[in-house]
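Peer 1: Single-letter residue listing:
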Amino acid sequence: MPEVAVRELTMAEAVREALAEEMRRDPRVFIMGEDVAEAGTPFKVLSGMVEEFGKSRVIDTPISEPGFTGIAVGAAMTGMRPVVDIMFGDFLTLVMDQMVNQAAKVHYMSGGAWKVPMVLRTTLGGGRRSAAQHSQSLHAWMSHVPGLKVVLPSTPYDAKGLMKTAIRDDNPVVFFEDKMMFKVKGPVPVEDYAIPFGVADVKREGEDITIVATSSMVPVALGAAKMLEEIGISAEVVDPRTTWPLDEKTLIESAKKTSRAIVVDEGYERYGVTAEIASVIATGAFYDLDAPVKRIGAMHVPVPFSPPLEDATIPTEQLLFETAKKMCKR
Amino acid sequence: MAHSIVMPALEMAQESGKLIAWRKKEGETIAKGEPLLEVETDKAVVEVESPADGILAGVKAHEGDVIPVGQTIAWIVQPGEKPPAESEDMATGRRMDAKAAAPAAAAPAKPSAPSGPSATARISPKARRLAKEHGIDLAHVRGSGGDGEILAEDILALVNASASQGGVPGAAKTAQAEGRATETLTQVARLMAERTTQSWTTAPHFFVTRDADATALGAAREKFGPAIERERGVRLSHTDLLIAAVAHALEKHPRVNASWRGSGIHLNPEVNVGVAMAVDDGVVTAVIPAANRKSLGEIAVLRRDLAERARAGKLRPADIAGATFTISNLGMYQVDAFTAIIVPPQAAILAVGSISDRVVAVNGQPAVRPMMSLTLSSDHRVLDGARAALFLNDLVASIVEPKTLLQ
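Chains Z and U supply the protein sequences, listed in that same order. Throughout, the working numbering is defined as the position within the first sequence, counted from one, plus 1305. Throughout, the working numbering is defined as the position within the second sequence, counted from one, plus 5.
Be aware that one or more of the hints could be misleading.
Heads up, simulated DSBU-like pairs for lysine-lysine below, C-alpha to C-alpha not over 35 Å straight-line [as the list claims (entries may be wrong)]:
#1 Lys1349(Z) to Lys1410(Z)
#2 Lys1554(Z) to Lys137(U)
#3 Lys1634(Z) to Lys137(U)
#4 Lys1508(Z) to Lys1420(Z)
#5 Lys319(U) to Lys65(U)
#6 Lys30(U) to Lys1634(Z)
#7 Lys1631(Z) to Lys137(U)
One side only, chain Z facing chain U, incomplete, derived with CB under 8 Å [said to hold, decoys possible]:
#8 Leu1399
#9 Arg1509
#10 Ser1564
#11 Phe1591
#12 Ala1596
It should be emphasised that the hints constitute simulated quantities derived from the structure, not laboratory data. Keep in mind that this is a model prediction, so the values were computed, not measured. Just so it is clear, CB atoms sit at the ideal spot from N, CA and C, and this is done for glycine as well.
Whole structure, please, built from the sequences with the hints as guidance.
Peer 2: In structure tokens:
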């Protein structure tokens, strides 16, 4: 990161800045979704956008996810670069046909004649006391489908750089933002930059154990790493940043270096992102592993509304710390 | 339910045990706790008790066989019951049911042992690869994992050790088993060779010596010996007094009563004083558990019992396990002073010379006094010179003024 631009933005500001810069640069880019214009989304990510770009480029829709996502697929096929806003990741269930059967397949089935350069922005993460239908992290579903790229930023810097790449990409990209991290601040350079997909970022270097963490779990992993440091365990925290394309090389190299790996992700643990990443590591680093690869994800239950119960279902620093400690025999 | 009888692991470094004798024949009835077999292990011949009531069955080891620890050698079954069929698989040593080993492994004997026998433990992929690359036979590797798994660091420790000793231990032993060397060494002698080499090459030893005036020690023996002999039927020895003195000093110096673990220093909660005893083919260390809480009389009775059973080769597993400090006394051989090799993972050992009349300065005048030399060997990873000296100071003070021991 260049040193000249010592400036902090929140995650929401970083996403907004990426969108605004791309909309200024490219007139084909437009935003569509529920409460995106005057409201600027419930999380205030898009505040001020409609004022700058007008209602024809920041379009409020009715509550009709399948409809406006379908419009976006068609718009993308015919030359626009839409950015669709799905307020809660839980509502991805409503747009599965548009994304999975249309957006993801059109390029392939048309023999390359059509492209679908759209971005679907949505949220993940619990902890907001929003109950079972507004708290899920369903990025594994999207990562499962060939033809979709899936982005999971964990810092304002990553969010801006990855959003730029997402908008410029000619393929459908699903961009997940943790709804609890919008107010988290971090350094973001003033000048233009983009972060390529499929490049993991080592958020912290370590020697004894690798913690692979995504999105909301990156700060949890860094907190656990700090606790581990106090008992003499040096943890490396690796953030894949995109689940597809996946930077297998960095994950495997890190696990080879430390001989131990834990994968933590806020999606459901069963059949989740952690399973795929753990498998990549187990296969690629098998002869350098000193312990089975461990996975930590959300409990296999609907996310509870009750705060103590919700907290019990989501991976915590303490759980990660205890798991890592045990794996390192302390 | 059938109970498996496995070759017990009584010491961390034990790889195999020699079956000396079956006390019961196949088909005979046995009660839980009755002596079942005699095994020559690391340090002594020990009796192993039956873990259950039942009938001895499925005996697959003969007297004189050397058997890897953890391997099933027989079963205790109920009338009409047959030994489990999978006993064959267990004998290959690839897998072991930890529960099956538990009764024979004498759990109370070594509460501080980090893991059970690992001849059958699981091996991490990395450890397996490293072992292959370095030509180490995994059957000889002790696992340090939470469940006894063999981990990469266990292999690397052997590789590092071999770098300083000029040979890979596991590999060397394999070759040895095929050659002649093992034929000429008893288990006790071979283990003594291995353990002392391991200690001397891995623990950085240093030595601190003090001479002590043993006048008061002799007086204490004369004063309290007759009463103890009358009440308990044993003669109070200098060693007994020393055990008591050492135990009290250890209480005040927990660092001397500590163990070196790979990751750091472990302060042992109990003061268990080991006493090195010469036997036919080497040395056995018998343990006075919680010596700091025992009276002189109790120590004398226990030490005498241990010495007799050591000479007869009848020590039980609990008698030789769990020492947190060792005393080696060569006074009876007219040795003035010597240095001893630490018994891992203990932090120190006290070498005691004979009590003999020497000319010393007392109040500026030459005087003849019964003097003894005490040399503490310490592991510098746990102790330093000052700590060792302070421990010796307190020890010598209680020898010169033994009143405190006798309360």
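Peer 1: State for each hint whether it applies.
Peer 2: Evaluated hints:
1. For the hint linking Lys1349(Z) to Lys1410(Z), the alpha-carbon distance of about 33 Å falls within 35 Å, and the restraint holds.
2. Between Lys1554(Z) and Lys137(U), the direct Cα distance comes to roughly 25 Å. Compliance with the 35 Å bound is thereby established for this hinted pair.
3. About 24 Å separates the Cα atoms of Lys1634(Z) and Lys137(U), which keeps this hinted pair within 35 Å; it holds.
4. Distance check on the hinted pair: Lys1508(Z) and Lys1420(Z) sit about 34 Å apart at the alpha-carbon level, within 35 Å; holds.
5. For the proposed pair Lys319(U) and Lys65(U), the alpha carbon gap of about 24 Å is at most 35 Å, so the pair holds.
6. This hinted pair does not check out: Lys30(U) and Lys1634(Z) have alpha carbons roughly 43 Å apart, beyond 35 Å.
7. A distance of roughly 27 Å separates the Cα atoms of Lys1631(Z) and Lys137(U); the hinted pair therefore holds under the 35 Å criterion.
8. A least Cβ separation of about 44 Å between Leu1399(Z) and chain U goes past the 8 Å threshold, and the interface hint is therefore violated.
9. The interface hint given for Arg1509(Z) is violated, since its Cβ lies 22 Å from the closest Cβ of chain U, which is over the 8 Å cut-off.
10. Hint on Ser1564(Z) holds. Least Cβ distance to chain U is approximately 6 Å, under the 8 Å limit.
11. At about 5 Å, the closest approach between the beta carbon of Phe1591(Z) and any beta carbon in chain U falls short of 8 Å, and the interface hint on this residue holds.
12. Hint status for Ala1596(Z) relative to chain U: holds, with the closest Cβ pair at about 6 Å, below 8 Å.
When the structure is compared with the earlier hints, violations turn up for hints 6, 8 and 9 and for no others.
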